[in-house]
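K.L.:
Keeping their order, the protein sequence lines are chains Z and C.
So the first sequence is numbered by this note's numbering: it starts at 997 and just counts up by one.
So the second sequence is numbered by this note's numbering: it starts at 39 and just counts up by one.
Source of the hints: derived by calculation from the structure; they are not laboratory data.
Note that CB positions come from ideal geometry on N, CA and C, so glycine has one too.
Mixed in with the good hints, there may be bad ones.
[Stated by the list, open to error] Straight-line C-alpha distance at most 20 Å; calculated DMTMM-like pairs for lysine to aspartate or glutamate: (1) Z/Lys1063 x Z/Asp1172; (2) C/Lys158 x C/Asp116; (3) Z/Lys1171 x C/Glu165; (4) Z/Lys1100 x Z/Asp1115; (5) C/Lys188 x Z/Asp1202; (6) Z/Lys1171 x C/Glu120; (7) C/Lys135 x Z/Asp1174; (8) C/Lys158 x Z/Asp1172; (9) Z/Lys1101 x C/Glu165; (10) C/Lys158 x C/Asp91; (11) Z/Lys1171 x Z/Glu1127; (12) Z/Lys1173 x C/Glu157; (13) C/Lys188 x C/Glu165; (14) Z/Lys1176 x C/Glu120; (15) Z/Lys1217 x Z/Asp1153; (16) Z/Lys1139 x C/Asp91; (17) C/Lys158 x Z/Asp1174; (18) Z/Lys1191 x Z/Asp1054; (19) Z/Lys1114 x Z/Asp1193; (20) Z/Lys1136 x C/Asp116; (21) Z/Lys1173 x C/Glu120; (22) C/Lys188 x Z/Asp1206; (23) Z/Lys1114 x Z/Asp1142.
[Said to hold, decoys possible] Partial chain C-side listing against chain Z, Cβ under 7 Å, derived: (24) Val89; (25) Met93; (26) Gln129; (27) His153; (28) Pro186; (29) Ala190.
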Amino acid sequence: MRKKTYTVAALFAAAALTLSGCGGGDSGDSDNTVAEVSTDAGSDKAATVLDKPFEKPDLVLTDTRGKEYDLREATRGRPTLVYFGYTNCPDVCPLTMNNIAVAKKQLAQDKQLSQAEKDSLRVVFVTTDPERDTSAALGKWLKGIDPDVVGLTGSFDTIQAGARTLGISIEAPTKDKDGKVTSMHGTQVIAFSPKTDAGYVLYGEDATVDDYTEDLPALIKGAKP
Amino acid sequence: MTSRTASVAALVLAAALALAGCGDSDSGGSGGGDRHGDGLSVGSAYMPQPVSDSMAAGFLVIANAGGEGDKLSSVTSDLAGEVTLHTTVGQAMEQVKNLDIPAHGELVLESGGDHLMFEKLKRKPKEGDTVSLELRFTKSDPIKVEMPVKSATYQPPAAKGSSSHSSHSSHSSHSSHSSTTSHH
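Between the sequences and the hints, there should be enough to build the whole structure, so can you do that?
P.N.:
Here it is as structure tokens:
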């Protein structure tokens, strides 16, 4: 039974990949097609709910104030979004973080959630470029997005190992002969449940403000979006 | 059980539709920019308001109505000391010397794909501002572009609701395939 469910999920993933692979076909018509498929398959939009959730990585790093931050301890029992990126990234990293920040701001208008529930959300940005992203650099950058976001830096090996337990593969930044540094960002945002502390939902780069705005209330309760 | 079978059937159908949709990459162009007969035209330009005053990204579409390919070779701007061309390879960005603009096709610079990177900013652009650029090409004359600064989470209308990570190829927005099959 589980096996079959898994097969269906795989098929859906394959269909989704095929669709997104088409890229430029963004007419309203093709959008409708995507929506229909999603509904039929019992899944929808940006969120991918994992059958086998990830354990929260045992990351002890340094936050934007230069203080030690133990991810497991500091976010235990709290809904938590984690993303791996770097600040010298003009496109995907700030877009991802801004999408989450804007959605989080919009939570203020949510009438279903208590203030305590809204305040329980933690958003954590872990740098993949710790050499350039010092505590101060992270703090300055995150201030331009949302000062409440926790920014973490530390040894690259520790960060890489933590990311790997979440299925995120990052390589150390490389420097070319002109001194230009190339860094890598993670491919997804992982949502951890306040109930189990497990990473149970993934969001890809294409997740929008609306996707996060729609899903945050469920994520805050540890429910499936 | 029945419902699962139905889902699978729908998926197979969807995959087939998607494949059909991929087939028609004609040169209609969907850049939405100004067109002056043959040659290059630029549309859909925007810059998401950057987080800091150290760097910014810019996106645009260059359509080529002509029968000869060209290359975007350099960019200058009043905003930045340096503007470089980047392509996204997997999870990393790589600086490139030029970007191809195929004959009867488009060069699409978009979030998650190829983009302009502005460094050594002279000011921090704010939503509502306009940034002036000059694009230079291997063959064609330079083109001046006024690039509006949009919100940090702005999505161009064409990219809304679909992931469009394939650059360099043009797709017609309203292909007969997708408009007929989507009603099944």
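K.L.:
Look at each hint and say if it fits the structure.
P.N.:
Taking the hints in turn, this is what the structure says about them:
{"no.": "1", "hint": "Z/Lys1063 x Z/Asp1172", "verdict": "violated (32 Å)"}
{"no.": "2", "hint": "C/Lys158 x C/Asp116", "verdict": "holds (11 Å)"}
{"no.": "3", "hint": "Z/Lys1171 x C/Glu165", "verdict": "violated (33 Å)"}
{"no.": "4", "hint": "Z/Lys1100 x Z/Asp1115", "verdict": "holds (10 Å)"}
{"no.": "5", "hint": "C/Lys188 x Z/Asp1202", "verdict": "holds (18 Å)"}
{"no.": "6", "hint": "Z/Lys1171 x C/Glu120", "verdict": "holds (18 Å)"}
{"no.": "7", "hint": "C/Lys135 x Z/Asp1174", "verdict": "holds (14 Å)"}
{"no.": "8", "hint": "C/Lys158 x Z/Asp1172", "verdict": "holds (19 Å)"}
{"no.": "9", "hint": "Z/Lys1101 x C/Glu165", "verdict": "holds (18 Å)"}
{"no.": "10", "hint": "C/Lys158 x C/Asp91", "verdict": "holds (8 Å)"}
{"no.": "11", "hint": "Z/Lys1171 x Z/Glu1127", "verdict": "holds (12 Å)"}
{"no.": "12", "hint": "Z/Lys1173 x C/Glu157", "verdict": "holds (18 Å)"}
{"no.": "13", "hint": "C/Lys188 x C/Glu165", "verdict": "holds (5 Å)"}
{"no.": "14", "hint": "Z/Lys1176 x C/Glu120", "verdict": "holds (13 Å)"}
{"no.": "15", "hint": "Z/Lys1217 x Z/Asp1153", "verdict": "violated (33 Å)"}
{"no.": "16", "hint": "Z/Lys1139 x C/Asp91", "verdict": "holds (12 Å)"}
{"no.": "17", "hint": "C/Lys158 x Z/Asp1174", "verdict": "holds (16 Å)"}
{"no.": "18", "hint": "Z/Lys1191 x Z/Asp1054", "verdict": "holds (18 Å)"}
{"no.": "19", "hint": "Z/Lys1114 x Z/Asp1193", "verdict": "holds (17 Å)"}
{"no.": "20", "hint": "Z/Lys1136 x C/Asp116", "verdict": "violated (25 Å)"}
{"no.": "21", "hint": "Z/Lys1173 x C/Glu120", "verdict": "holds (18 Å)"}
{"no.": "22", "hint": "C/Lys188 x Z/Asp1206", "verdict": "holds (17 Å)"}
{"no.": "23", "hint": "Z/Lys1114 x Z/Asp1142", "verdict": "holds (15 Å)"}
{"no.": "24", "hint": "Val89", "verdict": "holds (4 Å)"}
{"no.": "25", "hint": "Met93", "verdict": "holds (5 Å)"}
{"no.": "26", "hint": "Gln129", "verdict": "holds (4 Å)"}
{"no.": "27", "hint": "His153", "verdict": "holds (5 Å)"}
{"no.": "28", "hint": "Pro186", "verdict": "violated (17 Å)"}
{"no.": "29", "hint": "Ala190", "verdict": "holds (4 Å)"}
Of the numbered hints stated above, those contradicted by the structure are hints 1, 3, 15, 20, 28, listed in ascending order.
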